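Q: Sequence:
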Amino acid sequence: MGQGIIRFGELKVEKFDIGLVNSWITFSPLPYSRQHSSGLDGDIVISATPTIEIIDADLDVAIPSQYAYAYSIATDNKLKIAFDKALHPDKGSALDALKCISVTYELGDLTVNGNNYILVVRNSLGEEIHRTVPQTLDQAKVVMSTFDDTRSVDAGGFLKYELVRDYIVK
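Okay, so the sequence shown: first residue is 4 according to my numbering, each after it adds one.
Note that these hints are calculated values from the structure, not bench results. Owing to the predicted nature of the structure, the values given are computational and were not obtained by experimental measurement.
Capping the alpha-carbon separation at 20 angstroms, the derived lysine to any residue pairs in SDA-like fashion look like this:
hint	residue 1	residue 2
1	Lys88	Ala65
2	Lys144	Tyr164
3	Lys88	Asp63
Based on the sequences and whatever the hints tell you, model everything.
A: Here it is in structure tokens:
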């Protein structure tokens with residue numbers, strides 16, 4: 004099986020939670036990742052910062068002092084990263100600290116999904132702002148030609164279109 008590498012800044016944030024001890028961010032599923040169990044897999048590597056893998060139930064448990072972050076990934080393949088509330092007081096501070104940190108993970112067994120593609124639109128910071136459902140190249144061209152550059156985004160600048168072949172993960 005192959006590996007994928009993605010930065011936290013490239014993943015879409017789905018949820019921000021504040022617990023009694025920690026706060027944690029839930030990111031969209033890792034693209035084309037193999038199916039994870041709800042336990043500790045040990046096959047995700049988060050670079051440049053000390054992290055430990057935990058189970059979802061422990062997201063609000065004190066993180067051992069030698070680690071800055073704890074992460075969990077369960078059967079939904081959504082990456083959750085927890086941190087002490089004193090480390091980052093809010094979501095923006097945490098996202099700013101994490102945006103350039105990369106995540107290396109195992110890809111699933113990929114099978115091409117017909118002649119379909121996914122169109123990903125990123126802002127000038129590389130952050131995903133739009134993703135289509137699987138579609139043909141002709142449909143993707145229509146989306147690209149009509150996408151409104153003036154739509155409200157968090158950061159100004161240019162838009163980058165990325166066309167990715169659609170795969171089914173087995």
